[in-house]
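Start from chain Z and add chain F with the ligands according to the hints.
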Amino acid sequence: MQLNINGQTHEVDADADTPLLWVLRDNLGMTGTKFGCGLAQCGACSVLVDGQVTRSCVTTVDMLEGTEITTIEAIEQDDVGARVVEKWVEHQVPQCGYCQSGQVMAATALLKEVAQPTEEDVRAAMINLCRCGTYNYIKAAIDDLSGRKGEPL
Amino acid sequence: MDMIKGLIPGVDPQDFTHGAPVNLSRRSVLRGALGIGAGAMVLGFGLPSGTARAQAAATMAPGSNVPAFLEIRPDSTVRLLSPFVEGGQGIFTGMAQIIGEELDADPSSFIVENAPAGADYLVIGGQMRITGGSMSVRMSYPLMRKLGASARAMLITAAADQLQVPASELTTEPGVVIHAGSNRRIAYGDLATAAFDLPVPDPETVALRDPATFRWIRQPVKRLDVYDKSTGRAEYSIDVTVDGMLHGAVQHAPRLGLMVETIRNRDQVAALPGVHAVEILDGAVAVVAQRWWTAKRAVEALEVDWVEGTDLPKGWRALPADFSSDAFAQELAAATGPETEAEAHGDAPGVLDAAQTVISATYHSQYLHHAQLEPPSTLARFNPDGTLDLWLPNQAPEQYQAAVAGLTGLEPAQINIHSPILGGFFGRHFLYPAASAYPQAIELARRTGRPVKVIWTREQEFLRDPMRPMAAVRFRGTLDDNGMPLAIEAVSATEGPTEAVYGHGDSVDETAVEGLSKKAYAIPNLRIAQVYVENPVMLAYWRSVGNSMNDFFYESFLDELANAGGQDPLALRKHLLRDTPRLTKLLEAVVDLSGGWKRGPFTAEDGSMRARGIGMASPFGSEAAAIAEVSIENGQVRVHDIWEVLDPGAIVNPMLVRQQIRGAAALGLSQVLMEEARWDKGEPVARNYDMYSILPPDQMPEIHVGILESGAPIGGVGEPPLPAVPPAVANAVAALTGKPVRRMPLSRLRFDS
Ligand code: FES
Ligand code: FES
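Keeping their order, the protein sequence lines are chains Z and F.
Residue 1 is where the first sequence starts when you use the numbering used here, and the numbers rise one by one after that.
Residue 1 is where the second sequence starts when you use the numbering used here, and the numbers rise one by one after that.
Misleading hints may appear alongside valid ones.
EDC-like, lysine to aspartate or glutamate: derived pairs with alpha carbons at most 16 Å apart [to be verified]:
id : chain 1 : residue 1 : chain 2 : residue 2
1  : F       : K222      : Z       : E86
2  : F       : K574      : F       : E588
3  : Z       : K112      : Z       : E90
4  : Z       : K87       : Z       : E76
5  : Z       : K149      : Z       : E119
6  : Z       : K112      : Z       : D143
7  : F       : K222      : Z       : E90
8  : F       : K518      : F       : E709
9  : Z       : K87       : F       : D228
Using C-beta positions, here's what the derived DEER-type ranges look like [what the hints assert, rightly or not]:
id : chain 1 : residue 1 : chain 2 : residue 2 : range
10 : Z       : T118      : F       : G566      : 38 to 48 Å
11 : F       : A271      : Z       : G66       : 29 to 39 Å
12 : Z       : V58       : F       : G566      : 54 to 64 Å
13 : Z       : T118      : F       : A344      : 51 to 61 Å
Keep in mind that the hints were calculated from the coordinates and are not lab data.
A virtual CB, placed ideally from N, CA and C, is assigned to each residue, including glycine.
Chain F extracted, bound-state conformation:
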């Protein structure tokens, strides 16, 4: 449990669960996931499912109830209900590899969907389930292997029964049980009905494969979803329809905290053709119509008078009318509240106060949008039996189920959470107040008596997307006689996403300081602290969380110290990591990948002046190092190449890991080059991609990728490649221009070409 706490620091896993027993039979669980009418296709199961089995499901340890996860169809296709949601990271394929390896079924024979909410799927420490924190594989790997092995054992038992031979005489090949003695073979598809009626064996007793004999784990198995995603067949929340459905569009209050006073033209708009209803919601107006475009046009035509709300829903922050993110950045830089220490050894303040020369600098990060390409939506349908179906993008089905139970008064078991694949997430679809369309869709479905799908426009999304926090970090550093860092102090004025969402406590919020704290460098005197400053805007997790900005701060300041001491930044890092073989090796690997270290400035073949920078990070149990090569073109930074090596300890699929490194590097690059969500006069300046730039294809450098498997405990993959990239770029720019880069994004700065 502490381990889990450490992964989402400060968050008790209980927060993610509703605590109430989930009282669904396995069949209804599966039916829920399949959609009505599909139950007849669940051929792997004996029908009807007995009460005995349903009870067993409720009492078995999460992650072990084979029939809740797996169905084997007559053609031996394996249908897996994944405990983790697919949002681009390839987890469906990874799960098929891990389970298929032990089940002895080719991952390509898998069909994977997201599991519904339910106790069987709380596979992270048996306590909770979220898709985030780069946890999916590392937290479930042993459990999912055992699940596959248990299913295989059940198939063998069923085959032994059918063939009337001892189970010990049976073996398997992919998709088939074999009795070598009599040369008989039975396909899994012919055994599944009998097999999955058997009791599930104790997962601790099943034999696992010798990793030396793995056929799919560690192989570049092709993604299961690319064909559907290349032909428009993949279905996201925004695509789901049900019979009798109406469409909803909303206009949010320009500032969170404002409520509707009046709609001046409500009757006129309600009378427009195709409009079904005009409704007032918390901090929003909505139009329900036959078609979404009609609803959208109508809701934008509403003339609304807004007033300051008095009784805001839980967790909403009323944004001041004069809020400006630039002014807030200044406020952070000057903040002097109590400092909570995150890490300290030696006597950094004493050494710094006594030092003759102190290098000091204040660094800034910016607010960021998630900017996932699929805008939020929710489809809500109340059913005649009193249950509620919800289709919505989410990274935490049980958490949403509990919240909806609180909102509606329904029992969690009456709420079916459907989790279609995500059109990107990056932290966007955790449960944040005011940030999801589900309360609106539920309320509109309740009022209209019809299923309603609410889709937010990009503009409405950018009004309610919670921000990656910003920080101002005050550094002080001093050097020893050899020009090596003797003391570093970093005080970050910020608010972490965890304390923003779950409440500020006495201890430091790890998600605020990770990446400043827990760096591996041997600095004799170190102090990392946080000054808590509550943000007026809503905050959220963003891919790689605190590391997304903190490694930029630390690694860039480290280069400032290297310069001050006349040290080469690579040599300095090697020196500070001399007692950490894993990171020494990582540094060497990234340098090799880049063809040898050359910092520059140097003249490239095309005549441009270029330089390289290096950055490192240790996020989510993995280690990353990146080198970037830059030049200045038309006053702006151009990144030509990035070389990055990731050491996640051990991997499941090198192809997926390479994809994640390139994708995360692109997002890190986007952040350092151009992204910034600015607020002025209480409103976001950008409401769409025209004003909020994200990395376009013509600014994407080639990302050269390396993977190291050090054998350390398995770490995360989806987020860890991001944080090393911004400092690598910033340090390259500093090397080229001779001036430190102390704020993101670089587009705020002009450079001389």
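Excised from the complex, chain Z in its bound form:
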């Protein structure tokens, strides 16, 4: 089957019910998207499908033909994504970093949908787990991106 990932068409040889996560990681060698739970619980595997944040561990590839998939590898090619990365660095968000691909994807999806999300929007959209407890930093970075710059943490 053919998948459009980061603006490129990839010929993929995988069973129809293979989750996108494993096609990305194993078939295509794109390991920036992470496996955390495999059960749509943690968000480490988040990618964008037609701009919508999607958990790739439970999204099978047969549902994705004809869609545009964006992964963390191409995030800086997107203007909003590049700004998110810049603020992630500025606010020193990551600790172990394992959840952060997913966090950056979720933040990018939110900001592409609403340029200036309210705190309530942020709470509703930023639901990925982080075991290192970087939540205050994630919030600070997004507040900054939303024009609510607070004290640096």
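Only chain F with the ligands this time, still in chain Z's reference frame:
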């Protein structure tokens, strides 16, 4: 050595080393760390490395062999092989600051990777190396400064030779040696080849910078890894691939101790497309396939009959089929075995037996998962020259190397341990029996003749993740005429992680009682003891170890005594710490940070009823105090704010310290609010994050942070902020509800809104 023993109590540092000399030349050490083919890029070194230098490497004190740690590239980029693994705590950045300060190289010019296993890297007391116990900076700080200074001295010597001037006329600026007299400058990158061929000076003779002139130590230097970690470029064990690799997935026996009797459909599964092999392992079945998803689907399709194993691998505990963690908690509460005293002064039992009023209570903690977000994996590759490469998450490369040597019969020097950065650890990646994928990956690579990477699903991980121990603590306390504590006795029925992993001895396991013992409060009569109860499940270290639960017990009971004596909990603590200026100051600092003490209950601006609680802890050579503000929402506790001040004596990077305080506070909060690994009928009830809750973003309060540098000997940072948080929350809830909180997690309890 005793100091080290004290840090991981009961553990002889020798246990962490394989004892055998590591017979690798420095070049092969570096090559191993770089991966094959990268050797040509090691430009800082004279090639080939002579035998003389390799021998020197074997005889030099750990932590002093400059070329084993540092490489300076032609562009003056500094590549550092860190003795400590990066797992989120920012140690790569901290090491670059410490070494860069003395080397005179900007930390931002560093590229840091984890060092391979090897004698040069046993930097903790020259005996061992682990990344844990919040030890990295405090145990290696002087050594790493000297390492940087030695490297700088070598660069100056090489420059003196090149410029034909006395070394005493040379100075440095970041990345450059300068001869002011002739106005000549040579970049480090142009000197490194010659410099690192020179003998390494005696570390005791090199001059160190005056701390007053530090440019990077104590500054909020930016982390070196955040860009890669924000763009998916950072590589973890689970991401590593090598040519010709196959993927392995496993199905563990539902209980540890069960072995495979038969696989009923082995042939059918083996015939599935993409499946390379179906294998039986110790307590598990495995499928090796072209793709991991194929392997995972196939291994889950296997129909396995399990039987009780008879000859279990060393250290495995066979779990009883009827094991229930709730029943075990009751058993702990009732346990009456011999009591081993951890601390005693005055006559607590006598005073308590004679007292008219005794306050007594039994407290409980729960089993916990590490729940680090990166599931365990191991990639194993046997090489044609008989060596074995392993890529796996680990906090102790030499320990794993020794274990693999024992498993395979290879010499330690034939085993290359690669330690990619960790997707969280929290104590998960020490060497525990049955808890790592490496025996499986090695065995599957051996049987298939191909490199194999085994990845555990979250479900397989939660079946084998060793637990933070649980405890039941029986307290008795009595008050003097002023309502102040006169006697406290705490008897903890528990098993410490150290005795669980390394064997139960005669003396008390410090990691079982720390946080009950060694509290700074002036209690006239005190007795802390342990009743050892062996756990049916496998146990492990968990961030802040014994303190993670013991400070909750002690600090919560202290509030019970305060209430009984009609004392304010802050005033009571101040009174009990009146002779301890460092902690008095710490208490004042956290109260100031919170805008002044108000216990409540009080009505907040949003109309909710709230209260505050306080907790303190003295873990890993540091001191911490926290205040939490809570309300009850829909029958559950909501934490609105946490204020925490940490005094680690002295710091290297305030930004990293603040990150660690917030991260550790979040984990402490997660524990007290919602985490519990329950077992029923011999199996874990939760096998993924759906049933095992960890703190989600919408329950994260703002953590307000303060740092005190009292000038005391440098203490830990990664773990110490955790233990004060659970009691601060519990005490706030008790203040709000009027009822003591005697067990974690709070999600077990219902509250009236
Ligand atoms: S791995 Fe997909 S949500 Fe956790
Ligand atoms: S940074 Fe470690 S899990 Fe989020």
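Exercise for review: Starting from K112/Z, check that the Cα of D143/Z is at most 16 Å away, please.
Suggested key: Holds. K112/Z to D143/Z sits at ~15 Å (cutoff 16 Å).
Review point. Between A271/F and G66/Z, does the C-beta distance stay in 29 to 39 Å?
Key: Given a distance of about 34 Å, which is inside 29 to 39 Å, the answer is holds.
Practice item. Verify the proposed pairing of K87/Z with D228/F, using a straight-line Cα cut of 16 Å. Key: 13 Å, holds
Point to revise | Given hint E709/F paired with K518/F - CA-CA distance at most 16 Å | key: It is violated: about 21 Å lies between the C-alpha atoms, which goes past 16 Å.
Practice item. Compare the distance between the alpha carbons of K574/F and E588/F with 16 Å, and conclude whether the hinted pair is satisfied. Key: It holds: about 9 Å lies between the C-alpha atoms, which stays within 16 Å.
Check your understanding: Is it true that V58/Z and G566/F lie within 54 to 64 Å of each other by Cβ?
Key -> Since V58/Z and G566/F have Cβ atoms about 56 Å apart, the given range 54 to 64 Å holds.
Check your understanding: Is 51 to 61 Å right for how far apart the beta carbons of T118/Z and A344/F are?
Key -> Given about 57 Å between the Cβ atoms, the range holds.
Check your understanding: Can the restraint linking K112/Z and E90/Z be considered satisfied, given a maximum Cα separation of 16 Å?
Key -> Judged against 16 Å, a Cα distance of about 20 Å means the pair is violated.
Review point. Is the distance from the Cβ of T118/Z to the Cβ of G566/F consistent with 38 to 48 Å?
Key: Given range 38 to 48 Å: holds, Cβ gap about 46 Å.
Exercise for review: Take the C-alpha atoms of K87/Z and E76/Z, compute the straight-line distance between them, and say whether it is at most 16 Å.
Suggested key: Holds, at roughly 12 Å.
Check your understanding: Quick one, are K149/Z and E119/Z close enough, alpha carbons at most 16 Å?
Key -> 12 Å, holds
Check your understanding: Regarding the pair K222/F and E90/Z, is the alpha-carbon distance no greater than 16 Å?
Key -> Roughly 9 Å separates the two Cα atoms, so the pair holds.
The structure does not agree with the numbered hints 3, 8 stated previously, though it agrees with the rest.
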